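Protein chains in written order, with our numbering: chain A, 718 to 893; chain B, 224 to 587; chain W, 0 to 508.
Hint data in this document are derived by calculation from the structure and do not stem from the laboratory.
Since this is a predicted model, take the numbers as computed values, not measurements.
Built from N, CA and C at the ideal position, the CB exists for glycine as well.
Take the hints with a grain of salt, since some may be wrong.
Interface residues of chain A toward chain W, partial, derived using beta-carbon atoms under 8 Å [what the hints assert, rightly or not]:
1) P759
2) T858
3) T880
4) L881
5) E888
FRET-style restraints, in silico, Cβ to Cβ [stated by the list, open to error]:
6) A:K835 to W:I51: 26 to 36 Å
7) B:L448 to W:A374: 47 to 57 Å
8) A:I731 to W:S412: 38 to 48 Å
9) B:P371 to W:P10: 56 to 66 Å
10) B:R457 to W:P10: 22 to 32 Å
11) W:G260 to B:F337: 35 to 45 Å
Each chain is listed here by its residues.
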Amino acid sequence: MMASIVFIALLGLIMGALLGYAARIFAVEGNPLEGEIEDMLPGSQCGQCGFPGCGPAARAVANGEAPLTLCPPGGKALVESLAQKLGVSVDLSGVEEQQPRVAFIHENLCVGCTKCFKRCPTDAILGGPRQIHAVFSDACTGCEKCFGVCPTECIEMRRIEPTLQTWYWPEPARAA
Amino acid sequence: MSDHSIVGGPFTHGGNSIPRTMQLVMLALLPATLFGFYLFGWPAIYLFMVTVLSAMGAEALALAIAGKPQRPFLMDGSALLTGWLLAMTLPPWAPWWIGVIGALLAIIIGKHVFGGIGQNLFNPAMVARVALLISFPLEMTLFTAPSPITSAAAPGLFDSLAITFGLGADLDAVSSATPLGHVKTELGRGLMLPQALGDAHSEWNLGVGSISGSLGETSAVLILLGGLFLLYKRIISWHIPLAMLGTLFVLATLFHLIDPERYLGPMSHLLSGAALLGAFFIATDLVTSPVSIRGQLIFGAGCGLLVYVIRTWAGYPEGVAFAVLLMNACTPLIDHYFKPRIYGRDRKGQPLNQTSRQSAPEKP
Amino acid sequence: MLAGSLFRSEPFRLFRIRGGVHPDDRKALSADQSIVDLPMPALLHIPLQQHIGAPAASLVTRGQMVRKGQLLARSQGLISAPVHAPTSGRIVGVGSYPAHHASGLSVRTITLQPDGLDEWIDDIEPVVEPFTLAPEEIARRVAEAGIVGMGGATFPSAVKLNLGKRYALKGLVINGAECEPYLTCDDRLMQEHSSEVLTGTLLMARALGVSEILFAIENNKPAAIEAMRQAAAAFPELRVIGLPTRYPMGSEKHLVQALTGQETPARGLTADIGYVVHNAATAKAVHDALIHGQPLISRVMTVSGNAIRQPRNLRVLIGTPLDNLVEFCGGFNAEPARLVSGGPMMGQPLPGTRVPAVKGSNGLLALSAQETLAAPEMPCIRCASCVQACPCGLVPLDMAANIRAGSLDASVSIGLLDCIGCGSCSYVCPAHIPLVQYFNYAKGELAARQRNQHKQGETKRLAEARNTRLEAIKKAKREQMLKRKREMEAKKQSEQAQQKVAETIEDGA
């Protein structure tokens, strides 16, 4: 009886020591996961996640400080891929597939103050001082940074409507 | 994209449905079942009814617990068929509670625990049969000799109630072993085959079915007719029955040739026990068998092999239930590795290589 | 001639196609109805997108008078087709109109009000000696005539005719299979216009540079087979072949397999194995374009189904609103359970009858509930009927299960992108699972995700470009400030030096 206790205890100590030594030798500097996660995020630095940009958001996700559902523009696809990357399971039911929106400037209200195009992270707004601005909808990511600063509130966030080229069959409704 | 009101094609249909599929299988089983009723009398009929009604009741209960609607699931025929098949594999004079427990095991544990129809990994009737066999070996191995319903010796309506619902039959008087059981015992006692088989278990009798056994083990001819009917109606395909019976036949022939006195001949193997019932009705269960042709052939061959091995060398005289369950466990793996070849690709999934594309002509 | 008939009597060896289904063909409803011209409608709505590829660009404006056959919109890019006026009249507008599409979305459409005169434009003239034209010239005229695949696929035909330059072709296959139930438009066309279909076929063979022509017709159309055989009697290089009636025999990959035994490599074209397939009605359109100089402005459509009082085959001007067809056929005798464009297997559900007929509409079906046989969906019982029915060797039940669980990539790895969408699997499924819709959804979702990813890549690039630009501006500013500082310093120093000199001079004086 005593012999087995002593033996098992000794075995545990030896294994623990080996593991600790291995942890020291094979330790990885920094967290490469962070870079990989940052690549998966949209990269428009919109800030809707509450972090000042996609880099800090990636760091938070990698450290487990932020939920995987933190990025609205990424939608379900992003949550799924993050879950797969981190090897965790995630509940998708609360994730709203955010309808992508693009900014649209109502030209009759625009005064040409240039506040919006200076903030646009992808340079999607065309314009100059005292000139009416316009949005390149292909480049707009819907981050709403321009929406917040327009002094005449002439920017409207519009849903992207499906066209004949982008429409596809909806998933069949679930049976009982 | 979330508008589910747009319904896509096709806007016509072949007319097949799940209830129709189940009904055809039950139709195929009907001749053998009726013959079994004739052979074993009222106790068999009562046991059959109890088993089937318990299966329906278990299905209703499980659906209620799962929060699924009773319609259409209760009436789709799958619970009825499971109960029917289970009843076909029970000893005809077994007490009522064997039928009830079996049905509960089949429907609740064999089917609904996995997620309901279409989700089960194992054949529900076989799960129940094996569980009963292991838990109640005595009741599940007490077979009676046939006593046709019209003969004077058969128990009447009310005596049969006592048999099924009472404390069980006074079976010492009428118990008799199944052919395979008899053979195993005799071989165990050291007797060689020709004597062990005896006249009562000649191949003719095995074929026609006036032997003791469960309802599904008796008339091989009627089971075969039912199986051929299913093939004709395209409910099952010929690959699993042929592979299973073929493998059984080949192995039996092989060993019978090596030592005719220790190993039963191929026809005895094919016609006795639940081999035919298993090949046409049990192994071909749609949910638990592979979907591709190559997969089905492998599955059938595996069943046949296991049936022979268990019958010949293992502790049980009949191996179909175990064989089917073991191969059911392999079905997902078989389905994963043996897929049909895709049009335009080779077996490995790479596009076929030909192209008559020419390199672009030199610009002048 | 003798050699030709000897050659003809040799039976053509056919090959089996895997799977497929054999639906009740229901062609008796309209098979005996000869083609009738639909009377001119009050308005024509001609969409700019009736083909695969980029939409055509409008050349007309509101109020303009146009003549029959006049170019209304020109093609844009390599994969595109022009659009012509089906009759003479006035352009009422160029705007959005409901498209001939299941989604109910609108498309840019030219609305034309016929003036009743039906005058052709002046430069329509028959080609003299079309068989002396160069192959490229034939293809060019086919492109100019706006001809697209009339079997429903609407791929610009000229692009396919030019494949002879890039592939070593063995032959042309004409698809007269018409394997969808109800449709009889190609059948009647081949019976009533066999010599024109033949001429178009021979012209296409010339454009492709091939001598062998296989004209394939399903065996349920014996009159069409006979008519084409008679028309082609003088041309031994053209063989009219009767195919076993099986759906989807009309799928071009399976058609070529049935005729030659060879499978088109995955992600490839039938041209990879040496054959180009064109529809029989496309051949007739080629004849009209090259022999008469007429662009594609009308087509034959089958109006059928139990809910239509009088099923018929109609010659319809492109852009005719479908309610004209319904009215001409006696109207509905009951509210149809389903309105379908095309055949019941691969046809699209239509949002209503306001939408116009387009180049690819081969049928309008008003189906009753007894014909659609729709039923509530049940769980999959893994019966593998779909595996047996699939002509492409896929496992539809596994693909649908993956899609339902959200694993679209898993469904791709077991062959989703090889699915031709024929609907055989849904046709046989006892649980009435809408398998094809799952696959169409998944294909669309994957395409949308790819577009999204592309957009994300572009967004990153734009954001980085912006950062680079802003940094460059900052840097330039800093350098400028430094430069100015230095200049100020230098100026100050020189001023100090000057002052010193001035002081020295003062001191000296």
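Now the hints, each set against the structure:
1. For A:P759, the interface hint holds, since its Cβ comes within 8 Å of a Cβ in chain W; the closest pair sits about 5 Å apart.
2. Proximity of A:T858 to chain W holds as hinted, the smallest CB-CB distance being about 5 Å (cut-off 8 Å).
3. At its closest, the beta carbon of A:T880 sits 7 Å from a beta carbon of chain W; the interface hint therefore holds under the 8 Å criterion.
4. Hint on A:L881 holds. Least Cβ distance to chain W is approximately 6 Å, under the 8 Å limit.
5. Nearest Cβ of chain W to the Cβ of A:E888: about 5 Å, under the 8 Å cut. The hint holds.
6. Checked against the given bound of 26 to 36 Å, the beta carbons of A:K835 and W:I51, roughly 43 Å apart, lie outside it.
7. Checking the proposed 47 to 57 Å range against B:L448 and W:A374 shows it is violated: the Cβ atoms sit about 31 Å from each other.
8. Checked against the given bound of 38 to 48 Å, the beta carbons of A:I731 and W:S412, roughly 45 Å apart, stay inside it.
9. Between B:P371 and W:P10 the CB atoms are about 59 Å apart, so this pair conforms to the stated range of 56 to 66 Å.
10. For the pair B:R457 and W:P10, the beta carbons lie near 30 Å from each other, so the given range of 22 to 32 Å is met.
11. Separated by about 44 Å at the C-beta atoms, W:G260 and B:F337 satisfy the suggested range of 35 to 45 Å.
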